[in-house]
Amino acid sequence: MMPHSASLLAASASLALLLAPGLTPPEGVGGGTGWVETQKLLASDGAAGDEFGISVSVTTGALVVGAYFDDDNGTDSGSAYVFERDAGGTWVETKLLASDGEAGDEFGYAVSISGHDLVVGAWEDDATFIRQGSVYVFRRDPGGAWVETQKLLASDGEEGDIFGGSVSLSGDVLVVGAAGGNGETGAAYVFERDGGGVWVETQQLLASDGQDFDNFGTSVSVTTDVIVVGAPEDDAPGLDSGSAYVFERDGGGTWVETQKLLASDGAASDIFGVSVPTTGDVIVVGAVFDDDNGTDSGSAYVFERDGGGTFVETQKVLASDGAAGDNFGYSVSLSGDALVAGAWAHDDNGTDSGSAYVFERDGGGAWLETQELLASDGAEGDFFGSSVSMTADALAVGTSLGIFHPVRGEVEPRSDSRGLVRAARGHDGNGADAGSAYVFAFQLFSDGFESGDTSAWSSTVP
104 MMPHSASLLA ASASLALLLA PGLTPPEGVG GGTGWVETQK LLASDGAAGD
154 EFGISVSVTT GALVVGAYFD DDNGTDSGSA YVFERDAGGT WVETKLLASD
204 GEAGDEFGYA VSISGHDLVV GAWEDDATFI RQGSVYVFRR DPGGAWVETQ
254 KLLASDGEEG DIFGGSVSLS GDVLVVGAAG GNGETGAAYV FERDGGGVWV
304 ETQQLLASDG QDFDNFGTSV SVTTDVIVVG APEDDAPGLD SGSAYVFERD
354 GGGTWVETQK LLASDGAASD IFGVSVPTTG DVIVVGAVFD DDNGTDSGSA
404 YVFERDGGGT FVETQKVLAS DGAAGDNFGY SVSLSGDALV AGAWAHDDNG
454 TDSGSAYVFE RDGGGAWLET QELLASDGAE GDFFGSSVSM TADALAVGTS
504 LGIFHPVRGE VEPRSDSRGL VRAARGHDGN GADAGSAYVF AFQLFSDGFE
554 SGDTSAWSST VP
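In the working numbering, the protein residues as written are 104 to 565.
These are computed hints drawn from the structure, not numbers from a lab. There could be a bad hint or two in this list.
[What the hints assert, rightly or not] In silico lysine to aspartate or glutamate, DMTMM-like type, Cα no more than 20 Å apart, as pairs:
hint : residue 1 : residue 2
1    : K254      : D275
2    : K254      : D297
3    : K254      : D203
Full structure from sequences and hints, please.
Dropping the structure here:
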């Protein structure tokens, strides 16, 4: 594939990128600190309905954004955009397409970037069987170009697996979710890079107590020695209450299930497990339809290792202004002592305009909400917060939305009000379901301004 490079000009859904030198305010400084919007990014060839922003992933100096309804290789074939800063500080875009992409593949539904490697899921790819799914690996070459190096398939792939609906990459380990696999119980696959640089499937992960329609593999996260897999429609302790499974590598290099995580107050239809970021010592699990702040307001649960190495629930986090239907926790990302949770249906800028919330761990170990993030030009139906990704010095928030029922893999209205399907919409910067991208910097406010008060902030676009 020959990647296309261009300065940022146009877009097709929405993303917010937040850059920060640190998360701890200097002691004794008045006015506080916070994330301030400084720039709006646009995809060069954005078009109505592309749903740019359905997925986001950040690494040092770069981020990747999925646009799974882009049409370059046919209707809804999909694409992904890489954004990197050049020597002058300008964001430069590279557009990635699957070398064998076809209509309906939805390449870009899931993305993950780590160092010089990135992966893109095409969960609707009819590789050998209908909706089997696939994952494409790209690597930055010495000249700085992103080159497709490999296409990955599950060794036992079948119709309807939707392999590639979730992906997580960390160094030489890649985990791919297939929520429709294993007879619709769900599965996840581990790939590791061998000495020759080839990605090889080394293991299939299954839930020890998996049942039909648990959707194990809807979400995945990997660090060096820990993998977490979400099963948001597991029925313990109630129908679709959800769970998450922890796998750790043993002395022989095999990934072994060591723990099943449940919410301490889990209830039917919470969908606990829709997002499962981990740092290795901390796991955060989103429960998008939890009802503490009203029906489907959403929440997230923090698990931390105790002295014996077991993950123990230490806190449940909620939005300070959460309300019914916000869907807080649908997307969650974690980095060090900070986490961000999206609430794509929050209504501060209009119905379903969306927001994201930053939490930081204080000296006593408690996670405290420090800021609510909103798009400066947010509007009804933007779904800001539908995807998030965080590193030590950067944070991205997507505003395109295609919430789905993992096994059916459909993006359409659902007959019941509590399912995983919603209409796919997004910010309309370039037409219906098009959008934009927002850059925020972590800045010091002068006295008289509070973190989260954007009424007197200005945006600049280099």
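Hints breached by this structure: The structure breaks none of the hints.
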